[in-house]
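Enquirer: Residue strings, one per chain:
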Amino acid sequence: MLEPVQKVGRSTLDSLQKLGRANLFLLHVLTGIPDILRRFRLLFAQVYSVGVLSILIIGVSGLFVGMVLGLQGYYVLSDFGAEQTLGVMVAASLVRELGPVVTALLFAGRAGSALTAEIGLMKATEQLSGMEMMAVDPIKRIIAPRLFAGIISMPLLACLFSMVGVMGGYFVGVGLLGVDEGAFWSQMRAKIDFYDDILNGVIKSLVFGVVVTWIAVFEGYDSIPTSEGVSRATTRSVVYAAFAVLGWDFVLTALMFGED
Amino acid sequence: MQPSRAIETWVGLFVAVGMIALFFLAMQVSNLSDLQVDDQSYKITARFENAGSLRVRAPVSMAGVRIGRVSAIRFDKDTYEAVVEMRIEPGYDTLPTDTTANVLTAGLLGEQYIGLSPGGSEDYLKNGDEIELTQSAMVLEEVISRFLFNKAEGGGDSSQSDAGSTKSGKASKK
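For the protein sequence lines, the chains are A and B, in the order given. Numbering-wise (our numbering), the first sequence opens with residue 767 and increments by one. Numbering-wise (our numbering), the second sequence opens with residue 133 and increments by one.
With the rest of the complex left out, here is chain B (with noise of 0.2 Å):
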């Protein structure tokens, strides 16, 4: 058997390592360091008609960088409205009143985010503020749907470009 102090040592070592492996998980795969709530974070909700698939602790952005996250989703049973409560940083404080909130969706299957696109105001949004101006997700059976009655409406003429589609599609594959 090895000299105690070696061993103590060893263990020290081991359970040393253990920890900063611990730490790497926590700190560069997880979301743990960008989730530090900031209690300066400012308050502000939004309703929208169809929140979609939203969820808590999406990412809200402006101009594609993001400044917040959804805190909150609630259900409004008057209006029957989803109204949406974002937690925004502290270091974004002049988002004009007349800001738009947009439910988007990151690429054509992933996550649904809220996009904010600016307005003209003078005036800041505060804690507690209300977004006036929202637009609700695009749900994707809806698009289907209406795309299908468009085009049976329109007849021949979209049945052409779609087949010109289809082609440079495997144009493409090749």
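Pulled out of the complex, with its shape left as it was, chain A reads as follows (with noise of 0.2 Å):
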């Protein structure tokens, strides 16, 4: 009678568990700042497969929601007689909210998976343990550097996408539907604001790309080390980074959009 109340309280332990793991585990990978700056060539050959890899999608991606932001737009502001602030529409949606969210979300899908499978394969063949025979500790060695990378790669590519879609919105609004071209960008730069928007656009990228890519390198690297474990933690990175995104980044755009 009392199992199903045991196993409650036992899965809130694990869970509780897993979340001291995963804070003590980023203490140990941030030990590793020092080699890293020692060792460049490993953080390009991530910064490579996690930014430059991604380049393609976060750019088509980009396009296409720069587009259908326009048309939408178009739609609903022509209503009021208000397209010319079809500009300040796009870019303000791209570089407040669509621009790093949905960037930490296909980066997820794109890097935070491939990140998880390699690490979990790494534990899985006990390439993980080789290291720590030989005295290397392959959390310095391995995961520092793919963290980094993604915290050096997010807020880059969240950048690239807004640009992008600034670029489709100005296509679709000015190009097909024949919004003025003056009025876009002149609306578009009295009402964007550098500090208040582009900037806290970065900084929210900056966060997302800490927090994808660290539950992506801690649920590899805490994977059930067989094939069925490592399908799972790549499962649940993916999954637990898109909760993790969206819920940092209603609090993110409290604390920076909340008082005006």
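One or more of the hints may lead you astray.
[Unchecked claim] With a Cα cut of at most 35 Å, we get these calculated DSBU-like pairs of lysine-lysine:
hint: 1; chain 1: B; residue 1: K209; chain 2: A; residue 2: K957
hint: 2; chain 1: A; residue 1: K773; chain 2: A; residue 2: K784
hint: 3; chain 1: B; residue 1: K209; chain 2: B; residue 2: K175
hint: 4; chain 1: A; residue 1: K957; chain 2: B; residue 2: K175
hint: 5; chain 1: B; residue 1: K175; chain 2: B; residue 2: K258
hint: 6; chain 1: B; residue 1: K209; chain 2: B; residue 2: K258
hint: 7; chain 1: A; residue 1: K784; chain 2: A; residue 2: K957
hint: 8; chain 1: B; residue 1: K283; chain 2: A; residue 2: K957
Honestly, the hints are just simulated from the structure, not real lab data.
Assembling the complex is the task here: the two chains are given apart, and the hints tell you how they should meet.
Expert: Set out below in structure tokens:
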């Protein structure tokens, strides 16, 4: 009869324990900063596989998101005779919200899952314990470069996404729907503030970069070293990253744009 | 794995593209490029009975051209007026001392800004000067209530013209 109650207790303790493990893990990774500074090559290789290879999906998605924003925004705004503010709408929604958030979600799917699977497989094939045998700390050698590559790549990718999105909105709004070009850019420039909007968006994407990559490498490192365990860890990595990004987005938005 | 030279090139390219994107956002999308607070700019103040929803950084324009920005808005607790401080770009240093400042609205529901209309004086405003002639913001509620009040007094005359205007409005919609 007490079985269900015990189950709840056990799973609560398990998740608390996992949260603690994840934080200790992050601290351990941070101790690897000096090693990264000494071996830039490891970092470069990871920025390549995490960032450079994500450019295509980020760019194409950004273009289409911007084009859809231009189209939808035009239909709503033209009812009020306010098509001129289309540029503001497209740029504000991209720079503040969609740029960081959609980039982080795509990043979790494109790069985060790959990181989890790679590290999980390394664990399953005992490469990590092999490194430990040779007195090489796998957290410093394998995990730290991947985490920092993610943290570096995310803001750059989010900026790229926003830029391509604004271009897409411009293409649809000005090119296809005939919004006035001067009004499109000048209204945008009048309303979008560099510090309030763009820098806050960059800070958001930096936080998302930490969260997504942290979850990805931790899930890989913490996975059960079997093929099924790695597959579950990969799924969890993407799902948790999506939750965390959306939750943090709310918190950060409330902090940044709460007061006027 | 590719040779590391190629990887380094790609990473460099990636970082450069990201930086270009940030630069594009800063210069093309945001107001950073026209926000450079010039130390050369000079400050003038104006007192308004009602500043409406004027905000800091709102444009200050003359003849429809932006010549400065609102830098601060304070409340004077002795005279119960809004004190608006603006910075005017150094190139426009020939504003007459009897310039009038109005709080205007861009469009019907748009942002509020300060419009300056030149006077005829030979003397020019200098740093720290105050504009004496000001006109407060138009508050939509007041205008509507005045309109309704006039209409109630005017009687049937205005209702007829009102009917005419709605008809033309429908026609234009078609």
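Enquirer: Could you work out which of the previously given hints the structure breaks and list their numbers from low to high?
Expert: 7 and 8
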